[in-house]
Amino acid sequence: MPKTRVGVFVCHCGNNIGGVVRVPEVVEYARTLPNVACVEDNLYTCSEEGLSSIREQIAEHGLNRVVVASCTPRTHEPLFREACEQAGLNKYLFEFVNIREHCSWVHMHDPAMATQKAKELVRMGVAKARFLEPQEEFESSVFPAALVIGGGVAGMTAALGLANQGIQVHLVERDQELGGLIREVRTLFPAGQATEEVLQPLAEQVRNHRQITVHLGSEVEDVGGFIGDFDVAVKADGQVNNLKVGAVIVATGAEELKPTGLYRYSELGNVVTQLEFEERFKRGADVPRDVVIINCVGARIPERTYCGRFCCTTAIKNAIWIKEREPEASVFVLHRDVMAYGVQIEESYRRAMELGVRFLRYDPENPPQILGDGRAEAVRVQHQLMGKEIVLPAELVVLTTPLVARDDNPRLSKMLKVPLGGEGFFLEAHLKLRPIEFSTDGVYVCGSARYPANIPESVSQAYASAAKASIPIREGVVRAEAITALCDERTCSACGNCVEVCPFGAVELQEGRFGRTAQVNPAQCKGCGCCVAACPSGAMQQSGFNDRQLLSMIGALAEEMTGGVGE
Amino acid sequence: MSNRSVVVVGGGIAGIQASIDLANMGFRVYLVEQTPSIGGRMAQLDKTFPTNDCSMCILAPKMIECAGHENVELLTYSELAEVRGTEDDFKVTVRRKPRYVDLTRCTGCGDCTEKCPRRVPDEFNVGLGKRKAIYLPFPQAVPRKVTIDEEACLYLTKGRCRVCEEVCQAGAIDFEQQEEILELEVGALLLATGFDPFDPASLEEYGYGKIENVITGLEYERLICASGPTGGHLERPSDGKVPGAVAFIQCVGSRDVNYKPYCSSVCCMHATKEAILANEHYPDLKSFIFYTDMRAVGKQFQEYIIRARDEYDVSYVRSRPGKITVDEETSNPIVWYDETVYSEAGDPVRRVTSLEVDLVVLCQALVPHTDHQEMAQKLGLELDESGFIAIEDRLFHPVDTSVAGVFACGFCQGPQDIPDSVIQASAAAARVAEILSLEDRELEHA
Ligand SMILES: Cc1cc2nc3c(=O)[nH]c(=O)nc-3n(C[C@H](O)[C@H](O)[C@H](O)COP(=O)(O)OP(=O)(O)OC[C@H]3O[C@@H](n4cnc5c(N)ncnc54)[C@H](O)[C@@H]3O)c2cc1C
Ligand SMILES: Cc1cc2nc3c(=O)[nH]c(=O)nc-3n(C[C@H](O)[C@H](O)[C@H](O)COP(=O)(O)OP(=O)(O)OC[C@H]3O[C@@H](n4cnc5c(N)ncnc54)[C@H](O)[C@@H]3O)c2cc1C
Ligand code: SF4
Ligand code: SF4
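Quick mapping for you: the protein sequence lines, in order, are chains A and B. Quick note on the numbering used here: the first sequence kicks off at 10 and runs consecutively. Quick note on the numbering used here: the second sequence kicks off at 192 and runs consecutively.
Quick caveat, the hints were computed from the structure, so don't treat them as lab data. Hints may be right or wrong, so weigh each one.
[Unchecked claim] Computed, partial: chain A to chain B, Cβ under 10 angstroms:
1. Arg83
2. Gln95
3. Asn99
4. Tyr101
5. Val115
6. Met117
7. Phe147
8. Val162
9. Ala308
10. Lys441
11. Pro444
12. Ser448
[Stated by the list, open to error] Below 25 angstroms or equal to it, Euclidean Cα-Cα: the simulated BS3-like pairs (lysine-lysine) are:
13. B:Lys288 <-> B:Lys569
14. A:Lys100 <-> B:Lys253
15. B:Lys432 <-> B:Lys306
16. A:Lys535 <-> B:Lys514
17. B:Lys349 <-> B:Lys321
18. B:Lys401 <-> B:Lys253
A virtual CB, placed ideally from N, CA and C, is assigned to each residue, including glycine.
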């Protein structure tokens with residue numbers, strides 16, 4: 010083992026650091042630290058001048074560890090690591106000390122303390138650097154095919170999005186037909202086409218695409234492996250078919266809530282849901298004259314707090330449809346808020362009002378009541394503006410219910426090691442910035458499997474998931490973090506805590522040389538360190554942050570405080 | 192082999208996400224942003240609904256990832272000058288405005304900004320603070336390079352000063368810099384030019400611009416933000432006092448056929464967020480949100496409203512105020528509105544009533560970016576009646592514009608929040624990949 014030779018570079022960052030921290034003092038101090046072979050200060054270590062100086066000093070002093078004390082690793086660590094690499098030093102032998110954000114910025118009004126803190130942080134950085142080890146990044150290849158589960162509009166679009174990029178796709182649909190929920194829908198918002206007119210050409214395109222294999226009447230039985238290398242068992246007619254894919258897209262949709270027990274649904278024949286209403290008129294029934302639509306049935310209530318997002322749109326669409334066919338019809342929409350967000354939905358809300366559809370707000374504490382024996386004849390509702398009850402005649406009552414998560418989501422969620430949210434829909438990695446990804450790499454979600462979404466939104470999500478899934482496939486390889494967890498099999502007690510806490514499903518208990526122990530799959534591990542913290546035996550260690558490295562930092566901090574001397 | 196380069200116009204969250212996805216797919220991306228930094232409107236927000244993550248904290252890593260990507264070339268402070276050609280073969284001329292700063296030398300240290308004697312209103316803080324003539328638009332700007340505002344700079348307007356040149360240790364100031372014209376050949380264009388806030392002064396009844404303590408939503412975001420002009424202290428304009436009661440007025444200019452007929456989609460939620468944040472900062476602060484419909488339709492949004500009501504003392508009042516007046520003595524705005532919900536205790540007639548508060552926030556309509564019309568003309572693009580980029584087949588091609596090979600995502604094609612903008616951005620990237628990947632172009636018509 011060659012002697013450890015640490016180089017320390019302290020940055021002034023113009024005035025950003027140098028204006029508060031007395032950089033020359035920090036430099037002099039760093040020279041006194043063990044194993045430090047060279048120290049210099051730079052006006053900007055990140056400038057081309059600073060970077061080439063790092064490279065030169067590595068060569069000149071035979072440095073095998075580099076510490077830069079400067080602004081922030083967030084933006085600058087990659088830069089300094091690259092400089093090390095260019096000089097032939099493994100980039101994991103680099104350590105960052107943040108003396109801008111941790112010193113000059115937060116202690117702007119106390120230069121002496123800021124300087125003192127900078128020295129201490131440098132001492133800790135150097136202590137850790139002495140124990141750094143070179144790391145290799147793990148690379149694995151990606152099987153050039155994708156699995157799409159669910160053949161509704163989202164699944165079909167995702168399949169086409171990938172196939173048109175030249176990627177092989179397996180589309181697994183449980184039913185005997187493609188199309189999903191909208192097969193039962195009569196006409197489509199916003200343009201009003203009959204569903205078949207648009208659904209048929211889309212399904213045709215999917216069926217005829219030579220890059221797409223459609224598995225109808227099929228279900229996914231089991232999924233193993235990880236990004237780039239998933240093994241999938243698909244079952245159809247009792248036969249199991251094994252597929253290999255590099256990425257998986259979940260597009261299993263959702264179903265309309267059947268509001269049993271609410272508003273005498275299923276007791277009265279003329280109280281139906283929106284979907285039943287659409288189906289009925291697909292088959293060409295007579296348009297009714299007096300219709301009352303009740304919104305938020307089974308939605309936005311304590312047991313089911315969420316809003317169905319587009320069910321208001323469906324109510325508006327169907328109200329307009331009745332009025333256009335039967336201008337004399339009386340159509341009331343009883344609602345709590347009309348969710349006509351954006352341009353098109355608001356426009357159709359206005360059009361509905363122009364056509365004479367009446368929108369009336371009801372109070373969920375005092376909901377409408379269905380009157381009638383054997384069939385609904387009228388609806389009684391509290392008119393909030395007039396402050397009294399009114400009775401609306403009803404030949405038909407249509408209940409607007411939200412989409413609800415499918416029953417077998419939990420099964421799929423376990424199989425794919427991806428989470429579900431409280432409402433039972435699939436839970437994305439980040440609500441805002443990673444809306445169709447999971448924290449598990451290589452698995453994506455789109456359409457109403459994620460949350461109720463109309464077709465434009467489902468299709469956008471489907472394309473988005475195709476974009477994400479195509480990235481590893483186009484690249485052909487995935488590179489994993491080098492800073493991963495590692496289990497020392499000799500001390501592992503196989504308690505399984507690590508398996509429980511890993512958010513990425515990267516740890517498993519497996520038989521090995523020392524019996525049953527935890528094993529980390531480096532391709533899945535993101536180096537978050539949860540398992541390391543959870544391990545009661547100290548068997549789980551994280552490279553780059555192992556006990557020895559961290560304790561050396563704490564030791565370096567404590568030694569001065571307790572008046573001890575360096576090694 | 193098709194052209195594998197793409198121009199993305201607009202560096203907000205939508206343009207950034209689309210660029211990262213395209214770059215990761217192996218395309219060469221030119222990201223054209225008009226202002227000196229990418230980031231867009233999201234950079235100006237304090238927190239984001241419905242989880243209250245700090246906007247900048249989640250945006251900054253994306254900005255850095257985008258700018259640092261080997262396949263992305265950032266063209267900030269630049270604009271489209273001309274576009275010729277068709278899908279797969281566009282010739283795009285980009286005009287790069289002079290910054291008078293050598294980007295290869297500037298380290299963003301800020302020494303020049305400190306010494307620059309000229310102060311002008313700061314657009315990042317929506318005019319609530321001042322910036323210098325040589326400036327970094329905000330601390331996390333990407334690229335972290337300064338720009339000289341040629342309309343404000345004393346040397347460039349009056350011929351005297353050059354202080355920045357003297358203090359710059361990196362020798363980055365270059366007063367000789369000229370406008371640059373770049374010719375790019377690309378296969379597709381992706382538009383993500385976002386929105387501008389509608390100026391609520393035209394709704395005279397609300398007194399914006401006349402009543403000091405009536406501000407807009409975007410102004411409020413800057414006031415409550417730790418990096419804003421008041422360091423995150425909610426100081427009302429008239430006297431710097433922290434308000435005890437705040438009224439938010441929804442649909443200001445939105446859902447109004449006299450102004451913007453559409454729903455701006457994000458304001459019910461941002462008002463709720465802003466009311467929550469105010470109460471987090473000042474637990475005694477009470478908010479009133481005057482709304483028509485509380486459009487909380489996204490994942491976790493209803494739950495957010497419930498929390499606002501139950502935990503953060505937010506009252507939702509269903510009414511569209513007719514007028515705002517001011518108490519001259521206290522400078523408190525008074526909101527006049529119709530009671531629309533019959534209360535059992537009161538008489539069964541709707542009454543006009545009023546509420547005196549310390550601060551009013553107008554949640555103004557959000558409109559397509561001002562320069563958007565000109566850009567559409569250059570591209571021969573159709574716009575919809577409200578001026579957003581028209582989408583021909585909303586159902587199955589929700590990011591395709593009227594021109595083949597040109598896609599649109601985010602707020603420029605219709606009001607939407609951050610998650611939806613991010614989704615559309617990735618969707619648009621997928622569409623580009625589809626049309627430019629088809630080795631066998633027959634497939635598309637199969
Ligand atoms: C009454 C009503 C009217 C509507 N009207 C409109 C409208 O006018 N305009 C509009 O834009 N939107 C409308 N919608 C919304 C539209 O239905 C949804 O946007 C759309 O269905 C979402 O598509 P999806 O592919 O995500 O899900 P789905 O359509 O639900 O498709 C999911 C598919 O996955 C399959 N599947 C499920 N689980 C599995 C499994 N484990 N393995 C294999 N396959 C599985 C299902 O069989 C199904 O085929 C309406 C919805 C309703 C209820
Ligand atoms: C007060 C307020 C609060 C909000 N709070 C939230 C929230 O909490 N959560 C949430 O999800 N959403 C929120 N939003 C909405 C959010 O801001 C938008 O959804 C989001 O910014 C849209 O991103 P974008 O990229 O489409 O547009 P923008 O952010 O507007 O970005 C567009 C970019 O394009 C550039 N550009 C424009 N024209 C050109 C041109 N011709 N050439 C070159 N560049 C050009 C602009 O300079 C800008 O950088 C809020 C909005 C407001 C007004
Ligand atoms: S979209 Fe559905 S759940 Fe939401 S308000 Fe409308 S009807 Fe109720
Ligand atoms: S010339 Fe003067 S005004 Fe202009 S940027 Fe430099 S210091 Fe500022």
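Hint check results:
1. Arg83: Constraint on Arg83 (chain A) satisfied, holds at 7 angstroms.
2. Gln95: violated, 15 angstroms
3. Asn99: Because about 21 angstroms separates Asn99 (chain A) from the closest Cβ in chain B, which is outside the 10 angstroms limit, the hint is violated.
4. Tyr101: Since the shortest Cβ distance to chain B is 19 angstroms, the answer is violated.
5. Val115: violated, 13 angstroms
6. Met117: It is violated, given that the least Cβ distance between Met117 (chain A) and chain B is near 13 angstroms, above 10 angstroms.
7. Phe147: violated, 19 angstroms
8. Val162: Holds, because the Cβ-Cβ distance from Val162 (chain A) to chain B comes to roughly 8 angstroms (cut-off 10 angstroms).
9. Ala308: holds, 9 angstroms
10. Lys441: For Lys441 (chain A), the interface hint holds, since the closest Cβ of chain B sits about 5 angstroms away, which is under 10 angstroms.
11. Pro444: holds, 4 angstroms
12. Ser448: Violated, because the Cβ-Cβ distance from Ser448 (chain A) to chain B comes to roughly 15 angstroms (cut-off 10 angstroms).
13. B:Lys288 <-> B:Lys569: Judged against 25 angstroms, a Cα distance of about 19 angstroms means the pair holds.
14. A:Lys100 <-> B:Lys253: The given pair, whose Cα atoms are some 23 angstroms apart, holds under the 25 angstroms limit.
15. B:Lys432 <-> B:Lys306: With Cα atoms ~31 angstroms apart, Lys432 (chain B) and Lys306 (chain B) exceed 25 angstroms; violated.
16. A:Lys535 <-> B:Lys514: Outside the cut-off at roughly 55 angstroms; violated.
17. B:Lys349 <-> B:Lys321: holds, 20 angstroms
18. B:Lys401 <-> B:Lys253: Violated - the C-alpha atoms of Lys253 (chain B) and Lys401 (chain B) are around 39 angstroms apart, more than 25 angstroms.
When each numbered hint is compared with the structure, violations occur for hints 2, 3, 4, 5, 6, 7, 12, 15, 16 and 18.
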